[in-house]
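Trainee: Sequence:
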Amino acid sequence: MTAPAGPVRTRFCPSPTGTVHVGVMRAALYNWAYARHTGGQFVVRIEDTDPARNTLESERHLLDCLRWLGLTWDEGPEVGGPHGPYRQSERSELYQDVAAKLLASGHAYESFSTNEEVDARRRAAGQDPKLGYDNADRFLTDAQKSAFRAEGREPVLRLRMPEEDLAWTDHVRGEVRFAAGAVPDFVLVRGNGTPLYTLVNPVDDALMGITDVLRGEDLLPSTPRQIALYRALTDIGVATGTPRFGHLPLVMGEGNKKLSKRDPQSNFDVYRDRGFLPAGLVNYLALLGWSIAEDRDIFSPAELAEAFDVDSVSANPARFDLKKAEAINATHLRALPVEEFLTAVTPYLVGAGLVADPPTAEQAATLGAIAPLAQERMIVLSDAVGLLGFLFTEDVEIDPAAAEKQLGAGAGEVLDAATAALQALPEWTTAAIETALKEALVEGLGRKPRQAFGPVRVAVSGRTVSPPLYESMELLGRERTLTRLAAARGTATG
RNA sequence: GCCCCCAUCGUCUAGCGGUCCAGGACGCCGCCCUUUCAAGGCGGUAGCACGGGUUCGAACCCCGUUGGGGGCACCA
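Residue numbering for the first sequence follows the numbering used here, starting at 107 and increasing by one per position.
Be a bit skeptical, because a hint or two may be false.
When the alpha-carbon atoms are kept at most 30 Å apart in a straight line, the in silico DSS-like pairs for lysine-lysine are as follows [said to hold, decoys possible]:
id, residue 1, residue 2
1, 367, 430
2, 236, 251
3, 251, 207
4, 429, 511
5, 430, 363
6, 236, 363
7, 236, 367
8, 554, 511
9, 429, 364
10, 236, 364
11, 367, 429
12, 554, 544
13, 364, 430
14, 511, 544
15, 363, 429
For the record, the hints were derived by calculation from the structure and aren't laboratory data.
Please model the complete structure; the sequences and the hints are all you need to start from.
Mentor: Below is the structure:
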């Protein structure tokens, strides 16, 4: 059992059905990283053989997610390549041809049994019907086949499984072995003549020269069937060998279950929408089953590609930990050059209606000034909306919880003193504001800084968390600052 | 039920027979810094599932137990 010769060729072959799953994107990432690491190629193929569930819209979305993450493909939809088409719905003739060859060579055979009949036979023999198909149609005579056809039955095509153990050396699990006879002859082509995933996936991998199949562990039990198919395909000259397999650990959710499509945490879009950085998400996703070094877990996509090796992927299932994902992303966010940060964050402010598209000169100036201060206080880009919103509106809306905390007893005194000090200020600069407020509140009222500045912050920004106060006030301007202090004074209870 | 996979701090992991009374990260808890929140600095908390072997020596190898997970379609 040898893999096709030549450079590594990996593939990502999603079925475009609805939402994009984070586990699926992690599989794409590993395939991409392994191809890049080895100097091989990364192929994308769309598995849309189920017209009832597949849509072009979700295909576009899938590709868009790949691009956004930075996982460029060397062959596939939208870029083409020598092994196209890369959409299974456009490859029907190929499958029909291979199916015919498999039948003619005797590797596959026509099977007429219905599920009910198989079940009945299993039960009659005192066996568990869960055992599945019993290989009963392997040696049907022509007369028997004609009789079934005369009844109006249309046969499925099944692969004849070999009478020997099927084993392979898995990239992440080492040797895996399934006993002879454990896997029944399985269906390759439906009764209506359309091919199934079981046929189409290995055929395309063979035709596209895929050398390494890296996929989720949930597909591990289907590997013996595929190995048997590959042998048959090699025998009839369709394949040049059996690829190496690597079964990646599953991505688990909160509980102890595979992160299901139903789970909101599994939806890739939510991370993108919240403003995770591609590099941040790549970094975190890569960590789900792999590590770059003993004492390091922050790295760029390029560094990942440089270092990634499937053979060192862990076999343990990995739980998706949002807190850690956020921490990793925050680190990437802070490391971003200010210009790039601005470019990335502006669409979120535009989307929230806080700044114009493009921002006005004044808005741009404010943004430029606050960006470095905001950057280290954010986890995801959308945090900017709540954190910076107060700078781009006339009247700030005060968060009730913040008011509760800071605008209660004693706040009136602070706001009055701050107002008096700021009104008299000859020049409106960060330094002047700082000096004036410290004199008025800390020295004048004898308050601890914590108590002195809390109410002022809430009055000005509407929240207990904001960019540094003096800078914020300078950017806001004297007029708006004083208006807000007055407004807060009106609601303060003491 | 059958087949297969997995088993180190709460979580992700390093460890591939001695250099491990087990290292890093997230989280959590302190302290420092400090105008809030962060960031940053320092420190702490917490783990080799269990039982047998093999070996001079086991987190690392073997077997079993237990626990967890995945798969058993004319879906992909």
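Trainee: For every hint, state whether the structure bears it out.
Mentor: These are the hints, each one checked on the structure:
Our distance criterion of 30 Å between C-alpha atoms is met by residue 367 and residue 430, whose separation comes to about 21 Å. A distance of roughly 26 Å separates the Cα atoms of residue 236 and residue 251; the hinted pair therefore holds under the 30 Å criterion. Between residue 251 and residue 207, the direct Cα distance comes to roughly 19 Å. Compliance with the 30 Å bound is thereby established for this hinted pair. Of the supplied pair hints, the one linking residue 429 and residue 511 holds, its CA atoms being roughly 26 Å apart against a limit of 30 Å.
With a CA separation close to 19 Å, the supplied pair residue 430 and residue 363 stays within the 30 Å bound. For a cut-off of 30 Å, the pair hint linking residue 236 to residue 363 stands: about 23 Å separates their Cα positions. About 26 Å separates the Cα atoms of residue 236 and residue 367, which keeps this hinted pair within 30 Å; it holds. Straight-line distance between C-alpha atoms of residue 554 and residue 511 comes to about 16 Å, which keeps the hinted pair within the 30 Å bound.
This hinted pair checks out: residue 429 and residue 364 have alpha carbons roughly 19 Å apart, not beyond 30 Å. The straight-line distance between the Cα atoms of residue 236 and residue 364 is roughly 23 Å, inside the 30 Å bound, and the hint therefore holds. Note on residue 367 and residue 429: the hinted pairing holds, with a Cα-Cα distance of about 20 Å set against a maximum of 30 Å. With a C-alpha separation of about 10 Å, the suggested pairing of residue 554 with residue 544 holds against the 30 Å cut-off.
A hinted pair counts as satisfied when its Cα atoms are at most 30 Å apart, and residue 364 with residue 430 qualifies at roughly 19 Å. Between residue 511 and residue 544 the alpha-carbon distance is near 21 Å, which keeps this suggested pair within the 30 Å criterion. Between residue 363 and residue 429 the alpha-carbon distance is near 19 Å, which keeps this suggested pair within the 30 Å criterion.
The structure agrees with every numbered hint stated previously.
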